[in-house]
Structures are given as structure tokens and as C-alpha cells.
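8 protein chains.
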Amino acid sequence: MDALRALFDAVRDGRLDPEEAARRAFERVQGDPLENLEFARVDHHRAARQGFPEVIYGQGKLPDHIARISKAIVDRGHSLLVTRTNADAFASVAKVVPDARFHEQARIIERRTEVPRGRGVILVAAAGTSDIPVSEEAAITAEVMGNDVDRLYDVGVAGLHRLLAEHRRVVAARVIIAVAGMEGALASVIGGLVRVPVVAVPTSVRYGASFGGVTALLAMLNSCATGVSVVNIDNGFGAAAIASAINHLD
Amino acid sequence: MDALRALFDAVRDGRLDPEEAARRAFERVQGDPLENLEFARVDHHRAARQGFPEVIYGQGKLPDHIARISKAIVDRGHSLLVTRTNADAFASVAKVVPDARFHEQARIIERRTEVPRGRGVILVAAAGTSDIPVSEEAAITAEVMGNDVDRLYDVGVAGLHRLLAEHRRVVAARVIIAVAGMEGALASVIGGLVRVPVVAVPTSVRYGASFGGVTALLAMLNSCATGVSVVNIDNGFGAAAIASAINHLD
Amino acid sequence: MDALRALFDAVRDGRLDPEEAARRAFERVQGDPLENLEFARVDHHRAARQGFPEVIYGQGKLPDHIARISKAIVDRGHSLLVTRTNADAFASVAKVVPDARFHEQARIIERRTEVPRGRGVILVAAAGTSDIPVSEEAAITAEVMGNDVDRLYDVGVAGLHRLLAEHRRVVAARVIIAVAGMEGALASVIGGLVRVPVVAVPTSVRYGASFGGVTALLAMLNSCATGVSVVNIDNGFGAAAIASAINHLD
Amino acid sequence: MDALRALFDAVRDGRLDPEEAARRAFERVQGDPLENLEFARVDHHRAARQGFPEVIYGQGKLPDHIARISKAIVDRGHSLLVTRTNADAFASVAKVVPDARFHEQARIIERRTEVPRGRGVILVAAAGTSDIPVSEEAAITAEVMGNDVDRLYDVGVAGLHRLLAEHRRVVAARVIIAVAGMEGALASVIGGLVRVPVVAVPTSVRYGASFGGVTALLAMLNSCATGVSVVNIDNGFGAAAIASAINHLD
Amino acid sequence: MDALRALFDAVRDGRLDPEEAARRAFERVQGDPLENLEFARVDHHRAARQGFPEVIYGQGKLPDHIARISKAIVDRGHSLLVTRTNADAFASVAKVVPDARFHEQARIIERRTEVPRGRGVILVAAAGTSDIPVSEEAAITAEVMGNDVDRLYDVGVAGLHRLLAEHRRVVAARVIIAVAGMEGALASVIGGLVRVPVVAVPTSVRYGASFGGVTALLAMLNSCATGVSVVNIDNGFGAAAIASAINHLD
Amino acid sequence: MDALRALFDAVRDGRLDPEEAARRAFERVQGDPLENLEFARVDHHRAARQGFPEVIYGQGKLPDHIARISKAIVDRGHSLLVTRTNADAFASVAKVVPDARFHEQARIIERRTEVPRGRGVILVAAAGTSDIPVSEEAAITAEVMGNDVDRLYDVGVAGLHRLLAEHRRVVAARVIIAVAGMEGALASVIGGLVRVPVVAVPTSVRYGASFGGVTALLAMLNSCATGVSVVNIDNGFGAAAIASAINHLD
Amino acid sequence: MDALRALFDAVRDGRLDPEEAARRAFERVQGDPLENLEFARVDHHRAARQGFPEVIYGQGKLPDHIARISKAIVDRGHSLLVTRTNADAFASVAKVVPDARFHEQARIIERRTEVPRGRGVILVAAAGTSDIPVSEEAAITAEVMGNDVDRLYDVGVAGLHRLLAEHRRVVAARVIIAVAGMEGALASVIGGLVRVPVVAVPTSVRYGASFGGVTALLAMLNSCATGVSVVNIDNGFGAAAIASAINHLD
Amino acid sequence: MDALRALFDAVRDGRLDPEEAARRAFERVQGDPLENLEFARVDHHRAARQGFPEVIYGQGKLPDHIARISKAIVDRGHSLLVTRTNADAFASVAKVVPDARFHEQARIIERRTEVPRGRGVILVAAAGTSDIPVSEEAAITAEVMGNDVDRLYDVGVAGLHRLLAEHRRVVAARVIIAVAGMEGALASVIGGLVRVPVVAVPTSVRYGASFGGVTALLAMLNSCATGVSVVNIDNGFGAAAIASAINHLD
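Protein chains in written order, with my numbering: chain B, 1 to 250; chain L, 1001 to 1250; chain U, 2001 to 2250; chain A, 3001 to 3250; chain E, 4001 to 4250; chain W, 5001 to 5250; chain G, 6001 to 6250; chain R, 7001 to 7250.
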């Protein structure tokens, strides 16, 4: 309301034309100006509003489009993060953002800028080797967003000693991302060991009939451990964004 | 934006204090003032915004609460419409809105005021006798909202001649609400006969294993006839609201 | 019944042979003569009965068949509309209907003729860039059917200001088609802003695990806003046909 | 039991050794000897037990295996019927069964022998052009099994007059197979017109989101018409086998 | 068309007024006159059209309504059959149809008249004792419809010898109704033993987690035996109607 | 086959009439004579065939019926086991089987006789206090079937130390029954600790939205630990029967 | 490991017997001693391990059991929190914990002790009046766990202005719990407005056919806004535990 | 605890440094040292803990990785078992493990070493020819794990005599693995014939619409025969591991 008040003051003082003032007030309410690239509205103010600039979801987008949006973001001085992407898109992006990097397993293209650092460590724990791509999507996303990340992979509950052997790393984290497919029990076991928040990511790993991750999703939602919340199947990025938001709280 | 402009003009002309103007502008954007009944925010401006005042969904609400919200609505001179309600609630409402009426089969309490009349007739067609309660919810809602309603019940497709015998009533309607459970084929057959919009309402009638109406819902969504859109299972009220909105278009 | 009466009068007056009269009466009841192309019955009278001639659903049909049906429709002077089609089919159609046009993103082949104009504007609102193909299927279908269309894309609810900034275009429409995948909330938010009918189209956009559009479908069916009805997943054509039927009501 | 009695009589009379008799009795109970082709047990006695020899389900079987089983069946003088097959398999079969025929759309290879004729006509009704492959699977299967078949295609309920125009063919059938996808309403409408049994076949036609035929399946199971039973999605063969069994009843 | 021809001949010959003829022709097309009881359209011509008069589905209907419809049916000299009913309804019916009988386990009220006899025996086979109510619904329905019924209960496949011990009764039937819950395997095993049609009825027996009969339903639809078609869960009536239609074929 | 041989030998030796021999041979094949109690076929030979006499599933059976079947079983000298039963049934049973015992939490009535003892200990592990009724059904069933049972309750994975503290009891068992609702992770964790077979029982415990045990069922089926097989939701009896069969193997 | 080291040091120094040391080391690893109340293992060390003592899930537990567990917890000086409970349980608890309080709508019994305070405010936002019980479960749980809570109820997205009018309260929170049934869009809209973590709670509110909260659950999982994680349906307690864990991070 | 005691004794006797002792005690508790191949933790002690060394699940793993893990396992002298693999992987493995064998149909690579022999025969029964690949996965796994295996294929219940003819092989087994798709009835029928444990494997055979094996899975879980437990769809390996564990019990 302060901004509105300022506009009215300016009008009263004759510094501003009422019509222009109305236009600005309306615009203010409507939201921030958006850069219109014809095929997408790039929302540069998201950095202010949500703590990180717009992320490009690469799947289904043309390499050329990804490259053009990437350039627009980088030109503003923002960090670049493209998820669910591939080598073709990277070839296009690399032409306009030469120092961008491609992480094949994580399917991420990124170029980091200085961003505020998170306060603690985000632990990314993965149950099996098949969960690593989603885990890497989470880990790299978290790194790009300014967090220290500790990776703890292949610690599924069928061999409990593997997890318990790393107990100290588990309890040292400020936030934990637990990535698991199949029966998704890793989230419950970790949830029972710590007092910090655990963000669970079910994966669609195709061991037997896991219904594309639905079993792990349901299991994680029904976790008997407190402190576990869940994101969508294979959504490593989403988990990292939440973990980063938590890790950046003062 | 015109309203905003008027505020700025008033400030420029000294007719309005900037602070008060900012408050009004902010309030305008925020939405209309809401009457706060502690347990519910009654939204009296909905009549302006959506063409009909707030409707009370009765299920799960205490009779006393329903009565108090009813009174608040009637006191403003608005039409009263309580859906999914019962005789207990009506007993409470009748004390504070003496001329309210209760429709047992439709589970509706209503008290009508003058509202703009719809342009044509809304036909409510029901496949079987078990679909009548939902059909009546639709029919009475449509009437309260200012529409002429034609009821055509027990015209399911297993006895096609029953529907074809009333062909002229079908084609005379401006909008049609087709209510059916089981395999929900009535919507497709009617959709094939007319050019006006058909709003389909699947019902949870418990003939055999119809999965609480899901079969009819899916069948209606997959209708091979064009012109058929669908509302939620048993949502006679919603279908009537849509049909009324269509029927009130100039 | 008037037509039947005329036949009987003609027989009584000796103007018509009883056998021929019986044949005509029977035929009349049976429906309009259908052009039989061996692999499909083209229903030319649909224009009269449903307000628009038969539309060709292209998926799974051979290019040659599509071309032959297209020609039959165009030869009658009707508008041509082929949905869910591709460049191969267009190559075949273009040989027999030279001035047909192909819309790649919308997967539509069309050739317009004069049709009655709808009364107002149909707004097609899309939540994300991935919803644009389905939105274009809706928009072009609506245009071919004689409607003015306003496209409002990339206005998903996660960045609410993008939608609110275009509030005036939203309230100016006579019918609104809301296209969204994922959680499908756009329909509810728009439904809460307007009093005109909103036809919601869930899309099968593959962001995370949206179960092929089922989530958006269920969310739209459960919309807390009144005035929202729903068509099948990705059914842009169906939404446009309904919107056009509404927009053509007197 | 007569066969067992005969064995005991033979033993009493000294015509048969008890051990051999026990072996034969055991074998008799165990079932008929089966021709063992290593990768499949061909059951030649099925013709006696079930009225038609073993049918080869082609999907997932190697062309060479199909050819060898085909030859074994033909060598016994039985009719050959291979379903869900393709041109590759036919190439192999044709080498060993030169007068076999291939129906591409129905995906059937067959070679007919004299079989008992059914008593009436089996009508195969299909809702849309996309339902024709499954319908042809049913129709050709029924023909190979000795039935007269009447095909009535493209008579979906959205254009009811198309079905009503052929009312006499519908009521003339002794059994009806109703094939439909989407909302599957054809079975209900036909079921309401006749007193003979209707076997409904849901199809997985991919118009919109029909969940691979589940919607049609559920709709047919919930048919409000009596006399409708249902087989599995796309199971044209199964419907024909049932219809043929009915049509061969004395 | 013959009836139409007769009308035209009568008009030509001056025996019939054109208006009256048109009315009759229209009515003929529209279908048979229906007795309107306000809350239900009783369809007395169904006996002609479908081989058996209208059956009353009792669930959800008031006892008084059931009694009035029952009387209307009996007054016409038709057989009475009320399914899914109870003792309360029977008390009402008994007052107006004194010789009606109530079958508690089958939940049926019936009063038989002379109807055409079916040609063979309908075998009703039930897997477990919990399947008996649905089996009785089927058996009594079949009897009322004029069929000889053989009941073979408690012959589930977990004790295969119980079924095999009655092999001769199984193969003696002209049609078989197989009633089973849980894994529904009875239909497959019987289907493999006979050449006559088998109508399978899944039941919602609550042994463990059978998902209200869905497991048995799916299993029966996926039966590896040919000749098995399926009706809805617990739909003993529907199965009997189909079996009777088959058994009444010449 | 030995029994058949003996019959033939007897016939050859003139000790047996061929007709009587045939009858006996047929009967032998058909299965054992079953005691027919009108409402159920009691299968006394099951003890020989399956290692334990027929168990009475109490749910849905009348107390009087349960009592009569119980008496028939006890009169033969067999162990009595009635599952899913209640105090009413027990009152009836106690009149005819005075020394029967009722376990309220397990919902079991039983009377033990000497049965062969299993070789080792069956451990019944339960995740939470809500899983105890199903666990007790398993434990008591196993005891009645002749097994030593060790109960280890409230050892869910959210507090892993509770399970690990009892590690020695876990590894000492010959078979383990793991009972858990919610995310069902107990089976995986135990499966990873031992080399003996684990039979997992999902429970329908209503903590949050566990979909009646489906989540636990799916999780257990997708267990990342080898050695885990699964029975139906809440099927403590079934798990015990399997565990007992394993424990009785030589 | 420090504790283990201390034991070894004590043994080396002769201060501790090796056997006793081994026992203590084993016990330490096995977990903390648990108070065994026969029907439940109370886990008093959870306060240390997870930041809050064991919470009693009341549903399905006997009042007397709840009272005894409550007393054991209070006797240790811990905060008491019983969820999903009722007046009967409270009557029992009140006898042994006289100063316990019962919140009927939230179904919670609690008695607070000094616990560490969270750093910011937890906002609990609810879409409709029907979501209030779950919201109150969340709000009171959060308060008992030491957090300041701001309640913002009845701000569903169909009347967007109601939420926007409270924008400042939304952005002032450190963590947000968004509670909604039906289409669950509130979480997405709030997620788009803030940069702090949002924990979404789907509710099983029975407006129309929301499938017991599954629609809201799926919608929230598919939220197009980043920063939204989800807990189980109606799990207000779980959401509060997570929000509190976040709010207690340094 | 004995190992811990030994450490303490060693410290007391001065043979071991307390710090080193603490390290070893900690390590012991944490679990066995794991060979870290960067992309997977090979768990060589599993042979001791679970009776068989780690099995490599081949799907989704790179041939090179499979080869390197294979070598590590073989170098330790363990049996090698790679499941869900293919010819490419075998080419890589064969280079480093020259005497490994590839079973194409079973998709298994294996190299056997001496392992303890199971006590009896494991029967692998398959319903149809399409179930053979999964059956072979089970059979070869069981053989590699040291069991005698009897294969009984193509004995589905639709031709019951095929199974009954092999009755003696069925009852001779110590454990039975029943593999079936479609309606999965084989498990129930076999379960009714024997007293030994039956492990049921549903298959995703694509005959008709079996929903990827879900129908067979549900049917097997609902088996009316006792003694049947179930593993995941197509999980031949898992069934064999369980059967082997049972067969190796003393």
C-alpha cells in the first residue's frame, strides 16, 4: 500500500499526471512487466518474489526456444537452470551461453552466478543406483541455488547397515532429500533418525511393477515417521527448490 | 482502471485525501468487503461478479450456522439457496426466514426474489427414476436462478422410444441438462439430436457396480456426440448454474 | 409430425402413391440419407441438425481416406475441419482441396466457408506453453465455426499477476475456454472472476507425474468455482464446439 | 463312467492285463493325449470338448512356431484360425499351409474346413470406423466357426438415425455382437431394441482419453439394458466364440 | 414399414382420416404407449419387445411405489419380478398381490404366470457359500422367466474334486451361470470343460481385500477359457436374463 | 494309480464286481466324499490333502451354521479353527463344543488337538499397535496349527532401534510373518536382515489415507529385499497357514 | 562414537568390567530403553532424537490406554499431544492429567510444557469452512510444539480477492501450511506468491465427488508452483510437525 | 555381542588400543565393509547374511558396469547372477568372466559355483507359453541357487486335464512356483492340490486387457486356496529366491 500512497502523494503534489498514475497503479497491481518472447513470458521478477529466477523446464521445448530463453535470463545476470533437457538443447544453448555446463545424468544445463548461500548442508540420499539421475537433478539444482550438498547414494533399507554406517552424515544435514523408488521406505527410516525436515522424492524406477512410482509415492505419503513431506514422482528439481528455500531461511 | 482513475482525479482536485484514496484503491483491488460471520465469510458481491449471490452448501454445516448465513443473505435482499440440506436445517432456517421453502427430494431450501429471467427453456432430462433427486436439485436451482424449466424424466436409452416420443420437447430447449447414472448414455444420445449445449451430470445411482458414478462420469467425458460438457458426480446444482449462465447470455 | 401429415394429405388427394409415401415416411424417420464411402458414412445433414457439418477425426485414418472424405464434404459446399491430423494427411488433402490450410501446432486441416457468426468473443486461456497445442486446436476450431477468438496464453496460477494483468480481456468474453494441465487450477481461478460459462479442458502435459491429464481432469471437475464444466483430456475441439454452440445462441 | 466299466469288464474277462487297465484308466482321467511340440501342447481334442479346435493367439509368438502349430492343426483336418497375427507370420504359414488366407485389418490367418453351421445370423454392429478392426476379428472368427454374419458398421449413438434406419437387420439376428469404444453406448441402445443375447466388446479406440477402453468396458458392464454381457477390451475373437456357441445351440 | 403402408392404404381408401393417420404413424414410431404412474413409466410392451415384462429394481424405491407398480404389472396379466428388495416391500406388495412370494436370501418378490419354456437346463454354479445370495437371485429369476434350473453350489476351484465330482451335471446344461467372488477362477475352469455359453457373475464377497468384486470381475474378463462373457458385479438378475434369452432361442 | 491297480486286481481275482469297481474308481477320481450340511460342504479329507482340516471363515455366516460346522469338525477329532468371528458365534459354538476358546482381539474361536509340531519358531513381527489384531490372528492360527510362535510387536521402522534391539529374536526364527500398515516398510527391513522366508501381511490400519491397506500391499510387493512374499490385506490367517506349511517341511 | 570410546577407556582403566561394558555398548547401539506399557512401547528419547516427544495417535485406541500412555508421558515432564481423539478419551485422560485441554473441532487433547520457541510465524491457510477441522489440527499441533501461528481461513481461489486482501499476512510467514480439499488450488496460488516453504494438506471434504481427497492430493503434487511439498490427506498433524521442524531450524 | 565382548577383553588385556577398539566396534555395528565401485556398493557379505551373494539387476545398467560388478563378484569366488539383462551386457561380461553363460529367454547371465544344495525339488508351473520367459527366470535362478528344478509348462486351467495329468509331479515338489497371467487361476488350483507352500508369480502377458498383470496379481492375492503367497508382477527371480530359501531350510 505504501507504493500506492506514494503515487497519490505525487498526484496531489502535481508531480504526476492522474492518468499516468492510474496506469502505474494498475500495472503495479497487475504484476511485474514480463518479457514477451512470443512463445513464453519470461518472468524476471521471480528472483525477487520467489528467491530464484525462472527455471526452464526443457521437456517438449525446442532447442532453439530453450536457447533464446536461456540467453534472455543470462543477459539479465541471472543464474541459468534448464531441467529435463538433453544434448541437443545444450548444443543450442552453448552457442549463446558459452560457459553453460551440461550434466547428462541429471539432464540439466546450468550456468551459476553468485546467489545467497544457504546456511547448512542439504543431504541427498538415494536408495539405489537407479535413483541416481533424479538424485543428481536434485543435487545440482540445490548447488546452483547456492547450497552445499552432500550426496549419499545406494543406501536402500534392504541393506540397513549401509545407511547406519553413515549415520553421522545423516544427522549433520540441515535438510534431507530422500530419493527412492520401489517401496520408498528410505524416507521413513531416515525420517525416524533425524529432527530436520525430510523432503521425499518417489522415483519411477522400473524394478518389477512399481506402477511408475505410484507405490513409492503412496508409501512416502503414508510414512509412519513424522517430518516427511513429499513431492511429485521423479521431481528432483522440486525437492531441491523446497530444500533450498528451507536452507535459506534465516 | 476507471475507478482507479477517478480516485486519482479526486486527489488531484483536492476532493480526497491521499491516504484515504490509497486505502480505497487498495481495498478495491483486494476485493469487496466481506461480511465476517466468524465461521464463514459471506460474499455479498458475488451477485454482481457472478450473476447470483453466494449459495450455501449445506452438507456438514450446523443447522444454526445455515440459519444465520441464510438470514444474512436474505437481509441483503438476495435470493436464498441452500443445497444438500435437510429437514433439521430447514427447521432452523424457517425461524429466521419464515417464507423459505424446503424441497425434500432435491434437498434444497430456497426463497426466491426477483432475478433477471433467462431467455429460453432449460430442459432437465433424467435417465431413470433414481436420477430424479439430482435432477430436481438441478431443476429447482435453475428455477430459483430465474429460468423456465422443462422436466423430462425416465427416458433412459434402454427404451429409446421413450425419449424419441418427446423429441419436440428436446429440440425446443435452449440448454439441456442430461442426468444419468450407470452407463450414462443419455447424454450422448441427446447430444446427437440437438445443436444446443448439453451439460451432463453423472449420478452415483447404485444399480450394480457403477463405482459411485465414475462409470457414468467417464462415459459422459468420452461422449461421441459433440456439444456435451460434464460436471462432477451428482452435481445437479453446478449443472444448473452453468445452464443458467448460458441461458442468461444476451 | 407436420411432414407426415403432408404425406398423408398427398395420398388422400391422390397426388402420391401409398407405397412411395410409406417409403418416404419411413426414410424420414430413419434419418437423412447418408453418403456411403464404404469406409465411413458421411453425414451431410449434421449441419442442419447440429449446426456444423461432420468433422473428421484424423487420428488413425489413412491420408487417402481423409482426402476422400474431405472432398465429399467440400463438394457439398460445407466447411472442412480435420482434427488430430498431420502433414502427410495434408499432402493428400491438398491435392483434392487445393485451398485447404494446415495448422501444424493445432494439428488441424481446415477450409472455411461462410457460416453464421457467433455473437461475442470466445476467450481461450492457457496455463502454460505446453498447453498451447490443445489451445490452438480449440481456437482454430472456434474460428472455423464462425467465432471471434481471443488467445490469452501462459497465464498459469503460479504467477497470478500474469492473469490479473489481463483481467479486462477475461471479463470481456462471452464464453471462456480454460486449458490447463498439471493441477488445472486455472479453471477455478477464472471461474471465480466471471459470470459467463467456462469450459475447462484438462491437458496431458507431461510435467512430472500428472497421470496423463487425470489430475487436471479431476481437479477441474471438483472446481470450487461455479460455472465450470469439463470436457475430456486434450479435447480442444470438443470445448470449442460447445463454446461455439453457446456463442451462437440468440 | 462307461469307459471305466468297459475296462473293468475286460479285466474280468481276462482280455486285459490289470496293470495296463490301470494305466489306461489313469490316462483317461488325466485327459486326452496332447501333441507335444516342445514349445506348446496342441490340444486336438478341444474340437470335441469345446466345439472348435485350438485357436492360435499369434501375438508374441515367433512366425516359425505359428507355422508349425498351424501345420499340426491342418494335418489333423481341423480348421485353422490364428488371431492377433501379421504379415510376417502369414509368410511362414503360407509355406506350410498354402491355401491359408490372411485378413490384414482383422489380423487373422485362417483356413476353413467344413464345420457344423450355426442356426441363425450373427450381427456384428460397430459404433465407429475405428472399431472396424476388432469387428472384423469378430466377424471373420464367426464365419470360420460356421456362422452367417451380417456386418453393420458406423452406427454409433451420436447419430441415432443411422442405427434406426437398419432396425430390421438388427431384429433379424439370432445373436448380436456390439463393438464400441469411447462411451460404449451402442450396446445399451441395441440391448433395448432386441430380445436376443447381445455380446458387447469394448474397444481401446484412442479418441480423447478413454483409458484404453476401460470407459467403454465399465459402461457396457453397467448397461441399463438387459441381455448384454461383456467380453474383454478388443476381444473380438472371444465375442465371436460366444456368439457362435449360442448360435450352434439346437 | 408394413404398418405404415397399411395406414397409407387406409387413407387412400378413405377408411382413415389423414390427421388421425398421421397421429398413429407418429405414435407408432415414437414407441408404445407407456402407463404413467407419475414416479415411473411402466413399459408394458417390453414383454413383446424383449421377451419379458419390465422388472422392478427394488433398491432405493419406496415400498408403496413398488406395490403400486407391482399391481399395475399383475393387472396386465404379466409375471411379477422385483429384485434387490426386502421384507418391508413384500409386506406392501402382499396387500395388493396376495399370492406373491418373497425369497429372502435372493431378495426377490415374484409371482409367476405362464411364460414360454426354455429348451434346456440352466446350471447355476457357485464357488462358495457366500456366493449363494447372488446365485439364488440368478436361479429364481431364471425360473420365473420359464427355465429349468440346476443349482450346483460350493464348488470353488480350491477343492477341484468338488466340481469334477459333478462333471455330468456341468456338461448337461444348455447355458451355465458361474458365480464367484475372490479370484473368480470358477468361470475359467467351467469354461474349459464345456462348449455351451458361460455367463460369469463376479460377486462382492468380502473375503480379505477383493475390492468389492473388482478382482473377480477382472479375472473373469481375462478368462483364458473361450465362451465366457461377464456381467456386472453381483448382477445375478442380469446373468439370468441373458441365460434365459439364450435358452429361449429356437 | 496304486489304488486303481488294487481295484483291477480285485476284479481279476473275482473279489470285486466290475460295476462296483467302476463306481469306486470313479468316486476316487471325483474326490473324497463330502459331508453335506445343506449350506456347506465340509471337506474332512483336507487334513490329509493340505495338512490341516477345513477352517471356517466366520464373517457373514450365521452363528448357528458356524456351530453346526464346528461340531461336525470336532466330532471327527479334528482341530477347530474359526476366523473373523465374534462373541455371538462363540456363544453358539460353546454350546456344542464346550471346551472351545475365543480370542476376542484375534477374532478367532479354536479348539486344539494334537497336530504335528513345526520344526522351528515362527516370528510374528508387527509395526504398530494397530497391527496387533491381524498379528494375533496370525499368531494364534500358527499355534493351533502346531507351531511355536514368538511375538515381536510395535517395532515399526520409524524407530529403527526398537527392531534392532531385538535383532537376535529376528535371526532366530525359521519363518517370519511381518505385519504392517501405512508404508509397510517393516517387511523390507526385516527381509534385509535374514535369510529365512518372510511372509508380509499388509494391514488396513486407518492412519491417514492408506487406501485400506493398498499402499502397504503395493510397498510390500515392491520390496527391495529378497525373500519377501505377500498375502492379501489383513490376511493374518493366510500368512500363518503359509508359515506353518514352511515350518512343517522336513 | 564418543560414548563407545568412553566405555573402552573405562575398561582400560579398570573402572568397568568388560562384560558390563559390552552389555552397555550393545544396549546403546540397540537404542534407548523403552518404557513397556504392554500394549505400546513409549519412546521417551524421541524428544531428543526428533525434537518432540512421542505423539499419541488416538484413533482406534481405548480411552483407558490413551490415559495411561498420557500419564507416562506427562510424568516424564513432556508435552502431551493426542490427535484424532474424542470426548470419551478426554474424560479418561482428564482424570490422570487434570490440566489437559480438549479441542473438539481439532480432535486434540494437549497439555503444554515449555518447549523451544520457533523463530517465525507459521501461517495456516484454509480454502473453505470444511477445511477448518484439519487446519485446527495443524494449528494447535504447531502451537503445542512451540510456534506462533496465524490462522487465515476461508480464502479459497474461487474468490481470489479474499486471499489477495490478506497478502501481507501471507508474505510475513516463515512457513505456510495450505489446507484445501476439492481441486486443492490454494497451494499453487500461495506457492506462487511466496519464497518460503509451503506444506500442502489435501482434505477429504465431501463436496461432490472428490474421491476422499485424492483429487486435492494429486493436484497439490502436480502444483505448477515451486516450493510446495505435500503430506497425506487430512494429515494436519504431519504438516504441523514439518512446519515446526522448519521453523525451529537455527 | 560376542564380538563386542572380545574387543573389550582385548582392551582390558592391553592387546588393543581403546581408540582402535572403538573404531572397530563402531564399524562392526555399522555393517560390513562394502566394496565401492563408485557407481554401486557391492555387498559381499550378503552371502553370509542372506544365503546368496548380491544379484545384479541388469535393467538400466550399462554393459560395462555390469561387467565390472560381475568381475568383482566372481573374483571373490561367488556365484554370478545377472537378471533382466541382454546380449549386449553378456558380450561385455564374457570378456571378463569367460565361462559365464547367457540364457536369452530368461534374460539371465550366470556362472555357478558350489553352493549348498536345497533339500527337495522346486516345481515351476506355467499356465501358458507366454509365461515361459518369467518361468525360466525363476527356474534358472533356482538352479543357480542350488536347487533341483522341475519345469511343468502350458498347464493353464482352461484345459484342466493338462495339469491333472501331471498330478504326481505336482505333489512331489517341496515348494511350487506358479506362474500365470490373465486371470491367474493356476495358483488357486495348484494351491488346492498340495500342502507345500506355493509362491505365485503374476505375469504381464498381453492377452487382451490384463492391465499389465494387475488382474493376475489381484486374483492371486485373493486366492481361495490356502498356502499361496504372491510376489510382484513378472518377478520370477524373487519367487525363486523365496522358494530357494524355503528349500534350504533344514
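It should be emphasised that the hints constitute simulated quantities derived from the structure, not laboratory data. Every residue gets a Cβ at the ideal spot worked out from N, C-alpha and C, and that includes glycine. Just to be clear, a hint being listed does not mean it is correct.
Said to hold, decoys possible - Simulated restraints on C-beta separations:
1. B:Arg112 <-> U:Pro2098: 39 to 47 angstroms
2. L:Arg1112 <-> B:Asp13: 20 to 28 angstroms
3. L:Gln1105 <-> U:Asp2064: 40 to 48 angstroms
4. U:Asp2150 <-> B:Pro98: 53 to 61 angstroms
5. A:Ala3087 <-> R:Ala7087: 25 to 33 angstroms
6. R:His7103 <-> A:Asp3099: 51 to 59 angstroms
7. G:Glu6114 <-> L:Asp1017: 30 to 38 angstroms
8. B:Val96 <-> G:Ala6172: 35 to 43 angstroms
9. R:Arg7112 <-> A:Ala3087: 37 to 45 angstroms
Said to hold, decoys possible - On the chain W side, residues computed to face chain G include the following (Cβ under 10 angstroms):
10. His5078
11. Gly5128
12. Ser5210
13. Phe5211
(request) Sort out which numbered hints this structure fails and list those numbers smallest first. (result) Violated hints: 1, 2, 3, 4, 6, 7, 10; rest satisfied.
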